[in-house]
Amino acid sequence: MIQVLIITLFAATIIVGIGAINYSLKVKNDNMKYSKIEEINPAAINLR
Numbered sequence: 001m002i003q004v005l006i007i008t009l010f011a012a013t014i015i016v017g018i019g020a021i022n023y024s025l026k027v028k029n030d031n032m033k034y035s036k037i038e039e040i041n042p043a044a045i046n047l048r
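Heads up, the sequence shown is in this note's numbering, so the first residue is 1 and it goes up one at a time.
Treat the hints as calculated values from the structure; they're not laboratory data. Think of the CB as a built atom: it goes at the ideal place given N, C-alpha and C, for glycine as much as any other residue. Any given hint might turn out to be false.
Across the chosen pairs, the derived CB separations fall in these ranges [as the list claims (entries may be wrong)]: (1) 6 with 36: 42 to 52 angstroms; (2) 13 with 34: 25 to 35 angstroms; (3) 10 with 40: 37 to 47 angstroms; (4) 9 with 31: 30 to 40 angstroms; (5) 36 with 1: 51 to 61 angstroms; (6) 4 with 28: 35 to 45 angstroms; (7) 40 with 1: 28 to 38 angstroms; (8) 34 with 3: 45 to 55 angstroms.
Starting from the given sequences, assemble the full structure and let the hints guide the process.
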């Protein structure tokens, strides 16, 4: 019974970790996209 609990915890940790990594990558991509837009058009900063 304890082994099942440990495996479940381990799986949950991995899933949460992958989710966090994907989220941070998405945020980084969004920030890069915004900074590229701002390089072209400085007025875009106000739209954020």
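Here's how the hints hold up against the structure:
1. 6 with 36: 42 to 52 angstroms: Given range 42 to 52 angstroms: holds, Cβ gap about 45 angstroms.
2. 13 with 34: 25 to 35 angstroms: 32 angstroms, holds
3. 10 with 40: 37 to 47 angstroms: 46 angstroms, holds
4. 9 with 31: 30 to 40 angstroms: 33 angstroms, holds
5. 36 with 1: 51 to 61 angstroms: With Cβ atoms ~53 angstroms apart, the hint holds.
6. 4 with 28: 35 to 45 angstroms: 36 angstroms, holds
7. 40 with 1: 28 to 38 angstroms: 60 angstroms, violated
8. 34 with 3: 45 to 55 angstroms: 47 angstroms, holds
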